[in-house]
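Numbering (UniProt numbering), first residue to last: 1 to 1272.
To be clear, the hints were calculated from the coordinates, so they are not data collected in a lab. Note that the Cβ used here is the ideal one computed from N, Cα and C, for glycine as well. Worth double-checking, as some hints may not be accurate.
Claimed, not checked - Pair ranges (Cβ atoms, derived):
| # | residue 1 | residue 2 | range |
| --- | --- | --- | --- |
| 1 | Ala378 | Gln749 | 55 to 61 Å |
| 2 | Asp427 | Ala203 | 26 to 32 Å |
| 3 | Ala525 | Lys604 | 18 to 24 Å |
| 4 | Pro597 | Thr973 | 38 to 44 Å |
| 5 | Glu934 | Arg845 | 25 to 31 Å |
| 6 | Glu1202 | Ser366 | 40 to 46 Å |
| 7 | Gly606 | Ala771 | 33 to 39 Å |
| 8 | Ala771 | Ala1145 | 34 to 40 Å |
| 9 | Ile1192 | His827 | 38 to 44 Å |
Claimed, not checked - Mimicking DSSO-like on lysine-lysine, the simulated pairs with C-alpha atoms at most 30 Å apart in a straight line are:
| # | residue 1 | residue 2 |
| --- | --- | --- |
| 10 | Lys830 | Lys454 |
| 11 | Lys946 | Lys454 |
| 12 | Lys1250 | Lys1214 |
| 13 | Lys922 | Lys292 |
| 14 | Lys1250 | Lys603 |
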Amino acid sequence: MSNSRESKPDRWTAEQWQAITRQGGNLLVAAAAGSGKTSVLVERIIRKITDPTEPIGVDQLLVVTFTNAAAAEMRHRIGEALNKALESAPRSAHLRRQLALLPRATITTLHSFCLALLRQYYYYLELDPDFRIADQLEIELLRQDVLEDLLEQWYDHDPEFQQLADIMVEGQDDSSLLGLILRLYDFAHSHPAPYRWMEQAVAMFEEDQPLSARKWTRGLLQTIRLELQTAETAIGNAIRLAGEVDGPAVYLPLLEQEKESISRARLACEAGWEAIEQAVRQISFQRLPAAKEADPLVKEQVQSLRGLAKDRVKKLQDEFFAVSSSDYLRDLQKMAPYLKTLTRLVQSFAEAYQREKRARSLVDFSDLEHFALKLLLAPQAEDGDDVQMQPSDIARQLREQFAEVLIDEYQDINLVQETILQMVSRDASNGPANRFMVGDVKQSIYRFRLAEPKLFLEKYNTYRHPVDEAAAIPGTRIDLAANFRSRREVVDAVNYLFRQIMSPGVGELSYDPAAELICRADYPAADADSMRVEVHLIDRHNAAAGGHMSEAEETEDEPAGGEAAQLLEEASAAQLEARLIAQRIRRWMEPGSGEQPLLVFDKKTGGMRPLAYRDIVILLRATSGWGETMMEELRAAGIPVYAEQSGGYFSATEIEVMLSLLRVIDNPLQDIPLAAVLRSPLVRLKEEQLAQIRIHYPSGSFAQAVLQYAAEQRDEEEEWQRRLRRFLRQVDEWRTIARQSSLAGLLSQIYRQTGYLDYVATLENGQQRQANLRALYDRARQYEAASYRGLFRFLRLIDRLQQAGDDLGEARTVGEGEDVVRMMTIHKSKGLEFPVVFVAGLGKRFNTIDLNSPFLLHKDLGFGPQVIDPDMRLRYPSFAAMAIKQQLHRELLAEEMRVLYVALTRAREKLVLVGSAKNLAKSVEAWSNFSSAEQVLADEDLIQAKGLLDWIGRALLRHPAAEQLRRYGMSETEEARQVPQLHDPSCWSFCFYQADQLSSQTAETGVEQTLLTRIIHREQIEQRPADPVWRREIERRLSWTDPLSHSAKIAAKWSVSDLKQSAVASGTAGKLPRLIESPRFITGAKEHRYTRAEVGTIMHTVLQQLDLRQELDTANLREQLSGLVLRQYLTEEEAAQVDLEQLGAFFASPLGQRVKQAKRIYRELPFTLALPAREVMAPAGSEKADADEPIIVQGVIDCLLEEADGRLTLLDFKTDWVGDESPDAAAAVLTRRYAEQIRYYVRAVERIWKRNVAESYLYSLTGGIAIPIRHR
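Could you put together the complete structure from these sequences and hints?
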């Protein structure tokens, strides 16, 4: 019943108002996407706190959210509401108290709630009160160390372990067994009683019951029934066609006999395993009789349908019935002792691991939940096989404290978390139940975190709607179906698809009228065509759209033409889809593209505005393997894009280089890491130079060859050989530092001495690359904070993480307001919304790799091991493994369906679906076979899907607007595919592409493309008389001369120094001092005399390598200079050329102090910039300055400062001799010489960094003067 008779405010729907005000008993709010569930949850909390008659304290509520950000947002909203309420009732002591209590209110994630319990009651658990939560790296190292110690003991003293290892370990590598122990430990701990769960899983193998009575059998029979249903439907359709006038009627007796045997087997599923085993084995397919009078096309269709049925039956016979029931039972009994040993090992590991954590005062995230559960559960009283969960005294206190327990995102709760929440919530035995659960099971997409959507579904199916007062037992369910996020076009499209594909049999939920979205979003009217949901499909087959495919093309997966077909560039799906998306975005964004610019709603103005890049998101099922490729293609098309990769950290170039360097420091005799570093920007050796080393020393390892080559004494050394020797000496120095210093200190030294951190900033995505390198430094500090030491051990940990596929994820570097297209996984997008959503990669196959594991695990069905026969050297799935694989596959399909729902419901205004198929015509043909004409697609059709596009394509085929799709790959004379259509208000548009249409290299069209295709297939091309028009055109082209031939005389690449000299060549250059001196054999000089240019280079080297955190007076500079000589940055002779007084004067000057105080300093910053020739040449007054050809401008910026206020300041040092000129005259001379150079530097920074340079300076070291340069 409601707590108030207050009339419903207009801002809430009737269902929302019920969810806000309903009292008495547990309440489940099934909130569809965009239904305002968070607002409802917050409003319910606020009304409880501010209720005028029965207010409760904010400290009497437990509010559990999924993320810390959600908790902070909720706390903020409650605070705002309390402040607003205080304005109306400024004397309310209750409201003032609630505002004071709010910072300490239990509005938190479940992990934080558990942590608070542990902090308060640590003594119950005998925990160190100063315990801390271990980080991922620390836990990984500790687990491995504990397991390796146990492994030695088990090999020495545990015969049962040795027997287990004998059958499970192949060769000498026991990593698979160790990995299984860790995986089983983690999986068991997703259960409230992990060891009890493992005991029950083993007991299932020891039962003395027939297969029909086993827990595994029911799911297997469901799979078999669906397969037989598919076969029966196919045979039924074959019988229908065979009975037509032109059909092969002679087939009918055999077809009807086969249908009868399949039908009999399907019905036997109800009788148990033994019955179905016998029935399926009895199904046979005889040779069909000749049918010469029948229509060949109809006969072929009949044979195809019968072939489908035959394949389904054969699959069942081979996969499930190749082993007899008695053999299955024997195998289960045989596996039981090994599984018992395995669970004992897992428990031994758990105990040893827990001891180590206690010794170090550590807990991990799993401990948070299980220790909290231990605090909240009374000592368990066992009754047979059931464990009675009773609340402890602590739990009872919390039940008294919390008047209501409110849980957000309830669909993502796991079994352990559900038990914790049960213990702190009231039930019928101690007052009215007080749980408020809000979520949407259609958005439960965290199966990999062992979330349990069935917990939500159980309540969804048993709780009743609030029709009468009796609805409070066992609880009340309120559906929030109104969608306030999306335009009607998006809502209608989502409903159209999910009415067909989401069924209880495959999707675990019926998409009935209660689950459908109701459009309530209020948007200004827009052009109907512009907001249609777009479907873009790419055919990666080489047949042209609309052309009839040959028989070979229909049966072969690979296109004809062999290697020559590469000319048509069958590019990867990711590349093709990225190019398509780039085209679509550019048409919306660029004026004159031939398409109306897309307008989106602006909440601030209440009107429509042009689309911005930040309005667009590209969603992928997973970014690994796709993210980098798509970003490269989008950027190449001029689309600014950012992806926060959940993976890709270890594969980032800068991290690979740095880890390779660390491996070389740890052990220089590693060929691949050494070669990687030598080829990297750190040493810059070319492939030919590496080859030269190997040619000189062909035997032994490559690393030994490098060391021998570097040790050789040469009369004349090339510059690269000096670099190599210098690098190897530097590695020796770093090795010493690694032994004597911290790992973080070593990385800091490497970054500083190589300048690599500054170097990567100049590359594309420089900010991201720098963030990744800083993250590596942070992880090194975390590693050492965990009391671990040593470079070797750190590298071993990184190797383990890489082998396990645990990527750390790239550091985040982009802000929410930046105008870039976002690319993210569908999981990352959950809870977000965007005006325009591309859902790409729809043609990707589901990731079923986990289903092929040799040891499967399931929360209800327990263990699924392979049967291993060491004598016969055989491995095959046990009965349990087969059952678990089928169940996991069904759960995977249900999860993928929910993932698709999340993706489509992120769109506010425009939804674009993008997918590709290897052979789209074959896919459409497969989608056209419907087992049923019902609105909801048959389970046997849904379960055959290999990817999301199989569901979407099959559903879209039935839409009246999908005529193009139904006819795809057919000739104009063929009748369109007949499918049961559904009339629906949703609006769709379809576009189809051939792979070569999206190829970056394909320019041929029409006749040219046809000829090229024929040439590729080596078809003969007939000779024809020359067409006069073509002849004249060819002659015109051959006689053509380039009107811009003078552009060829312009160099393609210029350095900034070249451009500076070009700019001053009109007269200034003649006043420059002589920089190139005559060689010593002409002058007779006995000692090398350093030129001004050489001295300038030396001074720049010093300025690049100085540690700016030190005092930088003359004494300190002298000490640092000696260090540079010691580390071989300079020779003694070169160091003697350094004027320390000049350096000291600079650092004492106001500009030098700004350098020391800057937030970030980038020294010796290289850049490359493409500019039109006329912009480059115009300052020099070139007659060729009108050329539009791009010219590459490159240079190195001496110093760029990011100051404390975020402004950028550019600084360039000069050592030019300015004679006895006054400071003003010297400044004028240097400005005339170098102002243009500074302007190019500024231009490069602003173009690459997308930030303005506030100030730029020349600093004359010889004159001691700072010269501001106007660069605008």
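In this structure, is the beta-carbon distance linking Ala771 and Ala1145 contained in 34 to 40 Å?
-> holds (36 Å)
Look at the Cβ atoms of Ala525 and Lys604 and judge whether their distance stays inside 18 to 24 Å.
-> holds (19 Å)
Is the gap between the beta carbons of Asp427 and Ala203 within 26 to 32 Å?
-> holds (30 Å)
Under the criterion that the straight-line Cα-Cα distance not exceed 30 Å, is the pair Lys946, Lys454 satisfied?
-> holds (24 Å)
Distance restraint between Lys1250 and Lys603, which requires alpha-carbon spacing of 30 Å or less | Answer holds: Lys1250 to Lys603 is near 27 Å, not above 30 Å.
For the pair supplied as a hint, Lys1250 and Lys1214, confirm whether the alpha-carbon distance does not exceed 30 Å.
-> This hinted pair holds, its Cα atoms lying about 27 Å apart.
For the range 40 to 46 Å, tell me whether the beta carbons of Glu1202 and Ser366 fit it or not.
-> holds (42 Å)
Consistency of beta-carbon spacing, His827 to Ile1192, with hint 38 to 44 Å = holds (41 Å)
Take a quick look at whether Lys830 and Lys454 sit within 30 Å of each other, Cα to Cα.
-> holds (20 Å)
55 to 61 Å as the expected CB spacing between Gln749 and Ala378, which holds or is violated = Given about 57 Å between the Cβ atoms, the range holds.
Does the Cβ-Cβ separation between Pro597 and Thr973 fall within 38 to 44 Å?
-> holds (41 Å)
CB-CB spacing for Arg845 and Glu934 relative to the 25 to 31 Å hint | holds (27 Å)
Comparing the model with each numbered hint stated earlier shows that all of them hold.
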